[in-house]
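Just so you know, the sequences run in chain order A and B.
Residue numbering for the first sequence follows the numbering used here, starting at 1 and increasing by one per position.
Residue numbering for the second sequence follows the numbering used here, starting at 238 and increasing by one per position.
These aren't lab readings, by the way, just hints derived from the structure by calculation.
Ideal Cβ positions, reconstructed from N, Cα and C, are used throughout, including at glycine.
It is possible that part of the hints are untrue.
[What the hints assert, rightly or not] So the derived label-pair ranges between C-beta atoms look like this:
{"#": "1", "chain 1": "A", "residue 1": "63", "chain 2": "B", "residue 2": "902", "range": "29 to 35 Å"}
{"#": "2", "chain 1": "A", "residue 1": "31", "chain 2": "B", "residue 2": "1109", "range": "50 to 56 Å"}
{"#": "3", "chain 1": "B", "residue 1": "991", "chain 2": "A", "residue 2": "45", "range": "34 to 40 Å"}
{"#": "4", "chain 1": "B", "residue 1": "1109", "chain 2": "A", "residue 2": "63", "range": "43 to 49 Å"}
{"#": "5", "chain 1": "A", "residue 1": "22", "chain 2": "B", "residue 2": "929", "range": "24 to 30 Å"}
{"#": "6", "chain 1": "B", "residue 1": "791", "chain 2": "A", "residue 2": "42", "range": "46 to 52 Å"}
{"#": "7", "chain 1": "A", "residue 1": "18", "chain 2": "B", "residue 2": "1034", "range": "55 to 61 Å"}
{"#": "8", "chain 1": "B", "residue 1": "898", "chain 2": "A", "residue 2": "18", "range": "36 to 42 Å"}
{"#": "9", "chain 1": "A", "residue 1": "34", "chain 2": "B", "residue 2": "1109", "range": "51 to 57 Å"}
{"#": "10", "chain 1": "A", "residue 1": "63", "chain 2": "B", "residue 2": "942", "range": "36 to 42 Å"}
The lines below spell out each chain.
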Amino acid sequence: MPAETASIAPPLVLIIEDDAQIRRFLRATLTAEGFRLHESVTAGDGVAQTSARTPDLVILDLGLPDFDGLEVIRQVRAWTQVPILVLSARGQERDKVQALDLGADDFVSKPFGVDELLARVRVALRHVARLKLDTADTAFRLGELEVNLEDRRVLLAGEEIHLTPIEFRLLQTLVHHAGKVLTQRQLLKEVWGPNSLEQPQYLRVYMAQLRRKLEPDPARPRYLLTEPGVGYRLAAE
Amino acid sequence: MSRPDPDRLLARVAEQESRARRGRLKVFFGAAAGVGKTYAMLEAARSKQRDSVDVVVGYVETHRRSETEALLEGLEILPRRQTGYRGTTLEEFDLDAALARRPALILVDELAHTNAAGSRHTKRWQDVLELVQAGLEVYTTLNVQHLESLTDVVARITGIQVRETVPDSVFEQADEIELVDLPVVELLKRLEEGKVYLPQQAGRALENFFREGNLIALREMALRRTADRVDLQMEAYRRDRSIEANWPVTDRIMVSIGASPFSARLLRATARAARRLRAPWVAAFVETPGFTQASQDVRSRVLSALRLAERLGAETVTLTGSRVSEALLDYAKARNVTRLVIGKPAGPLWKRLLRGSILDELIQGSGDIDIYAISGEPATPEAPPASPVRTASRATRGYWHALLVVGVTTVLSRLLLPVLEPTNLSMIYLLGVVLVAMRGARGPAMLAAVLSVAAFDFFCVPPYLTFAVSDTQYLLTFAVMFGVALVVSSLTLSIRQQERSAVERAKRTEALYRLSHQMAGSLNAGVLVEVITAITAETFHANVAVLLPNTDGGLAGGREWKENSLLDAAEQAVARWVLDHGQPAGRSTQTLPGARALYLPLTGSEKTVGVLGILPSDWEIVENPEQFHLLETFASQAALALERAEIARQARQSEIQAEAERMRTSLLSAVSHDLRTPLASITGAATGLLAQAGRLDQATSRELLETISDEADRLNRLVTNLLEMTRLESGAVEVRKEWHPLEEILGAALKRTERQLGDRPVRLDLPADLPMVAVDDVLLQQAFINLLDNAAKYTPAGAAIEIRARAAGEMVEVEVRDSGPGFPPGAGKQVFDKFYRGAGEAARGAGLGLAIVKAIIDVHGGQIEAVNHPQGGACLRFTLPAATGVPSAAALREQEHAG
């Protein structure tokens, strides 16, 4: 089990990326942050290395020479829940949604800055750590927003905000995956249940309501972030 | 010295050009078989071959003459085409093989030959012309008696009617004529020696043909025709050099023809005269009222006479009129005819005396026109055979009507007998006769006249109830009644006919007007094809297809024909031929007459733009020369319209191409300049950092690093915009319109433009109850990014950018306003053009930003405008569709509680 090794040694990151320059830049950045690295140039090798080296995080480029990155996710997800961070060009939102729905944890759009990448990496590793301990956070606090999941209370600058049951379930789901992007499908499934017939459009209506209740300036959200064409994310830091 | 007439020179140049493209035709011309034409042709070919010209024998008939056969040796001989005809196999010249082989020179013997059924052309001379048009040089042979205009002269001299003829025009088109001459004595000697091939079956007749007297006459004809040609060439030469002062075309000859078999002789004589005078000539047929009742046989004779006239080089015209002489003279005067040729009137003298001969009338009314009468031809079919076409029932009804009218008049007369004098009673009968005659049928009118006379005599003239006439005065009454019946019925008939032909004429004019009128409105080939098809079909009661060449060389169109399998491969081949050669083919023509339909070329001013296929319900409609002319006019009108459409399309195309060219140039400059500039900064900063790593202080290093980062960012935006524009333009973008809160998309865009905006505050004015918008969030985010980016570019640091949105009916109106200098005056819609850039330092970029915004707003069905805000700054105002059917917050809460 990777759990034992992970707790002692620094986390191992597997980079599956065919472009040498990007690999070089990732190597420099991640090594500086203290991660251990392994690099794969092809999708096939990437899948094999994921199995052989049991990394703590996989950074996966969707455009690979031998086969599709989406296929890598499909294969890897057959046996492991290792967090997968997808690299994809802007304008390919459809691919990102597909990758996320297949089980990728998050994405970074090329070109991206180091800060953005590291934030995603941190969130992904934090979630996996939490999963291993099998403890879900019962409280979420960021800025003036405070969510207590146990007694179902939401406070904004100390004042209690009244949410409808669906609005609360929506917020609860986002809190569970704080920092991670959630696709519409994932949100619908968790809030309304796997067999829900709700229109994805309704999700946006609820989201708009929630934002109006929680954000002082809904056009400059602090907590409820939108990834156009992909989904939503609750800011984590 | 007079200068050459420019028009003539141009015509001459055009003629020479077309000659240069087409091949040459050389005719070995002789007086009779056996003079050695084939021999001379082969010798000439061999000498060409010695000059290493690519010579092929297409078809040569040696008639087993050893001398001739010897000449064939060493020449490439094209295999003949085998065609089965009624059980026997015939060998024919293989035109397609010749065209495929494409030698420089091809020999095709016996120009006058008639091809076996199933060949492309009915005549070999057509094959030869096609070869010439394809650019091949052709040698061929011809005997003088086969020349169309000479056949009847030959027939008169030799007593043999020549069936295989070649139009004089073909002979005249030849680039070179070589007269193969042999003195008659020698020819006769060769004949005696058995050196001249004579077909067995025609032995006797041919022996008759080869009498010395005949041969002398034929030789003279051949020599004269050759001399005539030399004359023509001389004239052309003079025309070229402008040597002669003037050869005015003063003469125009007109010949009047009818259904008589002598028409052919009349036409040939006129053709010869016209050639001698170098005058254009017209063959006219006058359609008299009675002609509509003429039999099929008579009509087809007229038709073939008109066809012959066309082959002989005449212009043909069908005139209508009740009097032949009047119609002829009117037309002749209108066309400045100088000589009028008609057949010498035949028929009984009394008839001519009674009704006046056409010749007399013509002479009386001719004025300046010379009248020539040629023997053996009644000028026009007098009194055509009485109405076999009329339906029996209608005719019978006329007679019953006559009987009824006479019955009624008789009863009336009997009643009035005690009151009126018999002479006055005759008036009642006369009225009856007039009534019957007014129906326009001559038979019933005559019957009414006879019966009336009889009844009048029997009932009203003493002694009553007998036919005896006591008073001879009544004979006059009888005569008058007959006369009136005749005159009235003829008059009525002629008025009816004239009415009918006037209606026909009006219909034609109307159809032509409608065609050109409807075509004038459109420059779209598809619409034109529909109009042409519909109006042609209606006018000629036909099934019509307009076939246009498509890019891969095939023929497009005629969908309906294809669906009804009217346009199989064979028919398409005919259409293809028409397109390639610009000449009509198919049924009722002499080319590929086996085709199902008739195909006319749609020849515009420059080239053949398509093919009109026509399948009339009644072929007579199309075969009538007048109608055929109309059809040709239709075709040429259609062609011009299609050509116009094509030219317009090409103009549009080149406009688009020019635009594309401009875009490409702009794109290149964008790529070369706008992409290179940030690249240069990045390279400079990065190499600086590398080379001077130890020597740079922290602040400078940081500055260089920031440069790299900023410029990379700029580069990214440029590339994104280029890609986005390309995607939007190629239509590859799928617009997924879904409900979105505007602030959500705007928020995402603001986040992505944080760096560009810097310290410029963005003031938002979004009402709380702003409806959601139905948009594609990714695209709209891009639009906002570009708008913010653009606003940031022109807004000085620290100045504000304002964004406001309002609900406006079914739309949401959004306004993005900067604090910059505003748009330059008169910029207007230009700012949305691709590669449009503002002035000044701020205007760095490819000039794509706003073009993309407009494209995105367009795909959402919104409107965008660029204005200068009254309080300063540029303002981009646009609309987006509001989402419909969005449940309100209250409704959702209720739903939640219910659920």
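A quick look at each hint next to the structure:
Between residue 63 of chain A and residue 902 of chain B the CB atoms are about 32 Å apart, so this pair conforms to the stated range of 29 to 35 Å. Take residue 31 of chain A and residue 1109 of chain B: their Cβ atoms lie about 52 Å apart, and the range 50 to 56 Å holds. Separated by about 38 Å at the C-beta atoms, residue 991 of chain B and residue 45 of chain A satisfy the suggested range of 34 to 40 Å. Look at residue 1109 of chain B against residue 63 of chain A: about 47 Å separates their beta carbons, and that is inside 43 to 49 Å.
As the Cβ distance of residue 22 of chain A to residue 929 of chain B is approximately 26 Å, the hint placing it in 24 to 30 Å holds. Between residue 791 of chain B and residue 42 of chain A, the C-beta spacing of about 48 Å keeps the proposed range 46 to 52 Å intact. The hinted window of 55 to 61 Å between residue 18 of chain A and residue 1034 of chain B is violated, with their beta carbons roughly 42 Å apart. For residue 898 of chain B and residue 18 of chain A, the Cβ-Cβ distance of about 37 Å falls inside the hinted range of 36 to 42 Å, so the restraint holds.
A hinted range of 51 to 57 Å for the beta carbons of residue 34 of chain A and residue 1109 of chain B is consistent with their spacing of about 53 Å. Distance hint for residue 63 of chain A and residue 942 of chain B: a CB-CB separation of about 28 Å, inconsistent with the stated range 36 to 42 Å.
Violation of the numbered hints given earlier is confined to hints 7, 10; the remaining hints are satisfied by the structure.
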